[in-house]
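There are 2 protein chains.
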Amino acid sequence: MSNTNTEIAIVGCGPAGLSAAINVKARNKTSLIFGTEVCSPKLQKAPHLHNYLGFFDITGEEFQKRALKQVEHYGIEMLRSSVDSIFPLGDGFDLMVKDEVYHAKVVILATGVTQGHVLPGENEFLGKGVSYCASCDAPIFKNKTTAIIAEVKEAEQEAELLSELCEHVYYIPQYREEIQVNDGVEIIQDKPKAILGKNQVTHLQLKNQRIECDGIFIIRETVPASQLVQGLETSGSAIKVNRDMSTNIEGLYAAGDITGWPYQLGKAVGEGQVAALNAVDFISQQKKND
Amino acid sequence: MSNTNTEIAIVGCGPAGLSAAINVKARNKTSLIFGTEVCSPKLQKAPHLHNYLGFFDITGEEFQKRALKQVEHYGIEMLRSSVDSIFPLGDGFDLMVKDEVYHAKVVILATGVTQGHVLPGENEFLGKGVSYCASCDAPIFKNKTTAIIAEVKEAEQEAELLSELCEHVYYIPQYREEIQVNDGVEIIQDKPKAILGKNQVTHLQLKNQRIECDGIFIIRETVPASQLVQGLETSGSAIKVNRDMSTNIEGLYAAGDITGWPYQLGKAVGEGQVAALNAVDFISQQKKND
Chain V
1 MSNTNTEIAI VGCGPAGLSA AINVKARNKT SLIFGTEVCS PKLQKAPHLH NYLGFFDITG
61 EEFQKRALKQ VEHYGIEMLR SSVDSIFPLG DGFDLMVKDE VYHAKVVILA TGVTQGHVLP
121 GENEFLGKGV SYCASCDAPI FKNKTTAIIA EVKEAEQEAE LLSELCEHVY YIPQYREEIQ
181 VNDGVEIIQD KPKAILGKNQ VTHLQLKNQR IECDGIFIIR ETVPASQLVQ GLETSGSAIK
241 VNRDMSTNIE GLYAAGDITG WPYQLGKAVG EGQVAALNAV DFISQQKKND
Chain X
1 MSNTNTEIAI VGCGPAGLSA AINVKARNKT SLIFGTEVCS PKLQKAPHLH NYLGFFDITG
61 EEFQKRALKQ VEHYGIEMLR SSVDSIFPLG DGFDLMVKDE VYHAKVVILA TGVTQGHVLP
121 GENEFLGKGV SYCASCDAPI FKNKTTAIIA EVKEAEQEAE LLSELCEHVY YIPQYREEIQ
181 VNDGVEIIQD KPKAILGKNQ VTHLQLKNQR IECDGIFIIR ETVPASQLVQ GLETSGSAIK
241 VNRDMSTNIE GLYAAGDITG WPYQLGKAVG EGQVAALNAV DFISQQKKND
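Taken in sequence, the protein lines are chains V and X. Counting in UniProt numbering, the first sequence runs from 1 upward without gaps. Counting in UniProt numbering, the second sequence runs from 1 upward without gaps.
Heads up, some of the hints might be wrong.
The list treats identical chains as one, so a pair stands whether inside a single copy or across any two.
[What the hints assert, rightly or not] Straight-line Cα separation of at most 27 Å, DSSO-like style, residue types lysine-lysine; simulated pairs: (1) K207 - K191; (2) K287 - K144; (3) K25 - K153; (4) K45 - K29; (5) K144 - K25; (6) K191 - K144; (7) K69 - K45; (8) K287 - K153; (9) K142 - K191; (10) K207 - K287; (11) K29 - K105; (12) K288 - K29; (13) K240 - K29; (14) K193 - K45.
Quick caveat, the hints were computed from the structure, so don't treat them as lab data.
Bound-form chain V, shown alone (with noise of 0.2 Å):
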């Protein structure tokens, strides 16, 4: 049995996890991530990176595995386990894993966006036509026919710039909110049902009607953090967090997609960071003042 106690508990493997983890290593601490099989789903599936610093052209699987080989070349501890709730104890934390206790003076939550309800095709066709993010796959588009299917308003900035490239793009909201899109963008209430296709999607299955695409961008809402921890103050469905990432129960961090809108690489790492340098400070204060 791995050692079940640690300084710093990192929930979540995915960029902002890994770069936590990094940065409490640099920082002569010790850390113990708590991951799932696959660390970020999205980031397997991106078909190339291209607005992260220092890469480009490189897929998001590829950069998946060159951060977890840095992480495992630093010697940090990973269990692949998913943690079930956490309790703040007033001094430190206690961490539910199945039925084993973990207890951590510190803990960083960083486990993304939660998959609602998922699309029939969805999964099959991720990366061959279906999407997540349009900053990050729009080029591929480019004077192609494509759909969003819109769970959050936050989708319209995605048609604004989807309008710019696509010879068409249909927008289907599923929101409540006044709908603000370009002209060019056509809009469709209806509800999705399913996503068709070959080796690439062809077409996106509505309930009253069948739309032609290319591509499908399905840009949903993050599921509410606050059923992993009792009392996290939340924003909307993020995390509320403080510009050095701590939220309102003291010692908890949380970094990432997380925290909440841009869903993005370079922000996940950047939150990941300053999660990390702040924790190993907040432990550092609670030493001196014993």
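Given chain V's structure and the hints, the job is docking chain X onto it.
For chain X alone, kept in the frame of chain V given last:
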């Protein structure tokens, strides 16, 4: 003469500025970077990066070259000119560059930490024993003797890390707040005068004594950026920013070291990205409201 109008002016070509530029490009908008001859003296001299996700064992200089190549590859325009002052016009900004005036709809400030007084020998021994970042360079000085010239209280964190790795650590505080460092750290109340050595640092000359050491860490305060833009709200020496990297002046964003501690590559890249994506949004919103 180059075009003096741009949608987004980015002031500074360090990692925050370049990250902002590639993210503006990812959103299909145009930016103009105002850069200095050496984009980031600190990065330029870093012996190696190891806490930026995706890279280890690359020098700061190599990274900077890669980043500049990436910007060039995307066809982003960069002027090697310093901006002397920035005037908010209510509807956009005028940027003064010597006797030329540039106009931008939004501005992203990413000028980094401006160096104040430079010690004799400091530039000469940069990367040869002189460092600005313990988290980055501490391992080089394992079991050796180091001195910290601490102009700000934040340097205590660097002292803590070094005290765990080094044989001996001298701490030379230049600030008025209470000093809280580990027991192992030797505090010297004196004034740094010069850095001495041959190929590598060998001594730190203080006003009243000369100490032998292998490495010297200089931890300085940022210079108020409010000099560049009248009325810009600051917090201590850093620009005050919201979570979306906006400042108190509408249409003015800031990113990187200029927004405060931690002075780190990952944070700068993340903030540059967030500033850029929000700046693009700001322009889109303005267009919709016109």
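Hints, verified against the model:
no.: 1; hint: K207 - K191; result: within (5 Å within a copy, 76 Å between copies)
no.: 2; hint: K287 - K144; result: between (59 Å within a copy, 25 Å between copies)
no.: 3; hint: K25 - K153; result: between (38 Å within a copy, 22 Å between copies)
no.: 4; hint: K45 - K29; result: between (32 Å within a copy, 26 Å between copies)
no.: 5; hint: K144 - K25; result: between (46 Å within a copy, 20 Å between copies)
no.: 6; hint: K191 - K144; result: within (22 Å within a copy, 66 Å between copies)
no.: 7; hint: K69 - K45; result: both (18 Å within a copy, 26 Å between copies)
no.: 8; hint: K287 - K153; result: between (45 Å within a copy, 17 Å between copies)
no.: 9; hint: K142 - K191; result: within (26 Å within a copy, 61 Å between copies)
no.: 10; hint: K207 - K287; result: neither (60 Å within a copy, 34 Å between copies)
no.: 11; hint: K29 - K105; result: within (12 Å within a copy, 44 Å between copies)
no.: 12; hint: K288 - K29; result: within (16 Å within a copy, 49 Å between copies)
no.: 13; hint: K240 - K29; result: within (26 Å within a copy, 30 Å between copies)
no.: 14; hint: K193 - K45; result: within (22 Å within a copy, 55 Å between copies)
Violated hints amount to a single one, hint 10; each of the other numbered hints is respected by the structure.
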